[in-house]
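Asker: Starting from the given sequences, assemble the full structure and let the hints guide the process.
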Amino acid sequence: MDMIANWLGNTPDFAVPFALAALGLILTERAGVLALGAEGLMLVGALAGIGAQLAFGSHGTSLLLAMGAAAVLSLLFALMVLVLRINQVIAGLALVFFCQGLTGLLGTLLNWTNKPVKGLGAVELWPLSELPLLGKVFVQNPLVFMTPLIFLAVVWFLTRTTTGLRMRAVGENPQAADAAGISVLGYRLAAILAGSALIGLAGGYISVLSTKLWIADMTGGRGWIAVALVIFARWSPWKALAGALLFGCVEALIPQLAAAGVRLPQYFVLMTPYAVTLAVMIWVASGKNVSGNQPGALGIPFIREERR
Amino acid sequence: MNEQVRPVMLEQAAQATERPKQPLLSRRYALEIRQQLAWHRQAAIIGLALLLGLGISAAILIAAGVPAGELLNEFVILTVFDAQSLKAVLFQASPMILVGLAGCMAFRAKFWNLGLEGQMIWGAIGATAISLFEVGPPALRLPLMLAAAIFCGLLWALAPVLLKLRLKVNEIISTLMLNYLAINFLLHLLYGSWKDPKSSFPYSPQFQPFERLPELFEGISAAVPLAVVVALLALWFLGISRAGLYLRFVDANPRVAGAVGVPVQKMIIGTVLISGAMAGIAGFLVTAGQEGRLTQSFYQGYGFSGILIAFLARNNPVAALVVALLMAMLFVAGRSLQVFYQIPFSMVQLIQAILVICVASSDFFIRHRIRRVQGGES
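Chains as they are written, first to last, in my numbering: chain A, 265 to 572; chain B, 595 to 972.
Among the hints, erroneous ones may be present.
[As the list claims (entries may be wrong)] Pair ranges (Cβ atoms, derived):
id, chain 1, residue 1, chain 2, residue 2, range
1, B, A853, A, N351, 23 to 29 angstroms
2, A, Q439, B, A853, 26 to 32 angstroms
3, A, Q439, B, I834, 55 to 61 angstroms
4, A, A443, B, E664, 40 to 46 angstroms
5, A, F409, B, V967, 50 to 56 angstroms
6, B, S891, A, S550, 31 to 37 angstroms
7, B, G730, A, N378, 44 to 50 angstroms
8, B, Q894, A, L343, 24 to 30 angstroms
9, A, T427, B, G855, 47 to 53 angstroms
10, B, V850, A, T426, 39 to 45 angstroms
11, B, I834, A, A417, 56 to 62 angstroms
[Unchecked claim] Below, a sample of chain A positions facing chain B; criterion: calculated Cβ distance under 10 angstroms:
id, residue
12, N351
13, V353
14, L369
15, G371
16, P380
17, L413
18, G485
19, V526
20, P529
21, M545
22, S550
23, I564
24, I567
25, R568
These aren't lab readings, by the way, just hints derived from the structure by calculation. Positions of the beta carbon are idealized from the N, C-alpha and C atoms, including for glycine.
Answerer: Here you go:
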C-alpha cells in the first residue's frame, strides 16, 4: 500500500519533463518545423540550469536561464532550417550532437559535474493532500502544479487566439498563409524559440529540481521519448500530457521496485522506458488513422521562390 | 549574336556604376535557385565550409586551453608523421571505415540508421560469446567470431526496417530506442555473468591470443586490410552489381521502381541488413582488434561518426574510406588532448557536429545564388 502511494506520489515528478518537452515539440511542430533536437536542447537547459543554480542559488532564475539558453541554441537550428533550408532531419540530428558535445565539454571544463544543489521545498495542495493513497500526488514542487497551467495557456494560445490560428496555418499550408500576408518564416522562428524554451525548461527541471546535479548526457534519451510521445499524442497537447503521465509512471516505478526489494535484473528494469516507447510506437502505428492530425507541412521547408 | 548581347552588357555596366550610390542598409537582395554548378566550384564551396568549420573548432580548442602553436602539431604532425601514431590512426580507422560504410548503405536505401551503436554492440557481444563459450577449434575461432558478429549486427537491424516497411514506424526513434536496449543489455552482461573472474572489473575475460586479430606486417593489424576489402565489396555492391542499379531506382522513385519490376521492399530490407552487418563487423574489430575483450564503453562515438562519414562522403564508399581516415586522425588527436590538456573527449563530438553543420550549410550556397536587386522597388 505504501509502495503504491509512493509510486503515485513520485509519478508527477518524472512526468513533468516529458510533458514540458512534448509541449514544446508540439508548439514547434504545429508551425511545420520538424524538431528532432529536443534531446540536445534538454541537455543545454539542464546544464544552464545547474550552472545558474551554482552561481546564483535561485531556482526561478535558474529555470529562466535554462529556458533562455535553450532558446539561444535553437537560433542555430532556426538558422539551419529557416535561412539555409537544410533538411530538417539532418539539422535536428546535427543540433543534438552539437549540444551533446557542447554540454559534455562545458560541464567538465567549468567543473559543474556532480556538484549537488539544494532542491525546492514541496508545496501541499491542502485538502487534496490529505486524501488516502492519492495524498502524496498533491505534495509537489511548485513547477509540477504550474505544468497544467502552462498546458492550458498553450492550448488557449493555439486554439483561441488569432496568432495561434495563424501559426497553425503556417504549419498546415505555408503557401496559403504566405498569400494571406502571414510571415511564414517569422512565425516559424517564433515557434522554434518558444518551443525550445519549453524544452529547455524541461531540461532545467530534470537537473535543478529532480536529480539536483549535472552529469554528462543525463537526459538519457528522454528528448527522443518526447519526440515519440508527440507522434503518439497526434500533436494534441492534452493527449501528450496523458502520455507523459504514462511514461512518468513507468520511470517512477523503477526506484520503487528497487526500494521494495523486488529481485529483478537491474539493467532490464532500466530498459523499460525505451521498451515502452517502442511498444507504444508500434501500437500507434498498427492502429487506424495513422497520419491524422499531423501538421500538413511538417518537415517541408518553405521556399517562396519555389512557390507553386 | 554580338548585337543581342551588347544592350545587356551596357545595362549591366550602367548598373555597375550606379552601385556605390546606394547606402548599405537600403540595399535589397534576392535569392535565385541555381540550376547547376560546375564541380570545381562545388568543391571550392565545400572546401571553404570545411575550412570555416576547422577555424571555429580551432578557436574553441584555443579557448579550452590548448596553446595555439600546438594545434597543428597535435592534429597533423604528431598523427601522420610519427610512425607509432600513424599505426594508431590506421588501427582506429578500420572500425571507422566500417561504421561509415554502414551509414552509406543505410542512407542509400533512404533509411536513417541511427542504430549503428546498437548493432555494433550486438556484433561485439556475438563475437565475445564465441570466445567465451569456446565454440569451434582455435584455427576457426576468428572466422566464427566474425560470422557471429555479422549475424548479430544484422539481426539487430532487422526489426526497425520491418517495422518501417510494414507499419511505417519512424526508424529514427526505433533504432535509437534499440540502442538504449542494447547498451543496457551489454551492461547486464558485463556486471553479471560475463564479468572478468580474475579482476572482477566490469569487462569480459581477456581473449586468447588466437582470438585476437593478428598483426600482419610492421605492426599493422589485420583489421586494416579487412576494412579495405569490405569497402571494395561495398563499392562493387553499390556501383557495379545489379542490386546497386536497383537501389538507385528505388532511391529515385520507389513507385516507378516497383512498377517496372524492381523488388523494392527486398532491396531496402537487404541493404539495411547489410548496414547492420557492417556495424556488427565494426564491433568485432574493436573488441578483437583494439581491446582484446568486451568493455562497457567501446562503442562510444562510433554511431555519430558513421552518420557523419556517410554524410560527408555523400554515401560514396571510396570517399568514405578517406573521410574515415580523417575521423580516425581526429579521434587519435582527441585522445592525446584528453591526456595532455585534460580536455574531455566530448570535444571530438563537438568538432564533428560543427563540421557537419558547416558542410550542410554549404549546400545552400551550391543551390542558391544571392543577387543584389537594383533600386528600391522589388
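Asker: Next, verify each hint and record whether it holds.
Answerer: Hint check:
no., hint, verdict
1, A853(B) with N351(A): 23 to 29 angstroms, "holds (27 angstroms)"
2, Q439(A) with A853(B): 26 to 32 angstroms, "holds (30 angstroms)"
3, Q439(A) with I834(B): 55 to 61 angstroms, "violated (43 angstroms)"
4, A443(A) with E664(B): 40 to 46 angstroms, "violated (57 angstroms)"
5, F409(A) with V967(B): 50 to 56 angstroms, "holds (54 angstroms)"
6, S891(B) with S550(A): 31 to 37 angstroms, "holds (36 angstroms)"
7, G730(B) with N378(A): 44 to 50 angstroms, "holds (46 angstroms)"
8, Q894(B) with L343(A): 24 to 30 angstroms, "holds (29 angstroms)"
9, T427(A) with G855(B): 47 to 53 angstroms, "holds (52 angstroms)"
10, V850(B) with T426(A): 39 to 45 angstroms, "holds (44 angstroms)"
11, I834(B) with A417(A): 56 to 62 angstroms, "holds (59 angstroms)"
12, N351, "holds (8 angstroms)"
13, V353, "holds (7 angstroms)"
14, L369, "holds (5 angstroms)"
15, G371, "holds (8 angstroms)"
16, P380, "violated (20 angstroms)"
17, L413, "violated (29 angstroms)"
18, G485, "holds (5 angstroms)"
19, V526, "violated (16 angstroms)"
20, P529, "holds (6 angstroms)"
21, M545, "holds (5 angstroms)"
22, S550, "holds (6 angstroms)"
23, I564, "violated (16 angstroms)"
24, I567, "holds (8 angstroms)"
25, R568, "holds (9 angstroms)"
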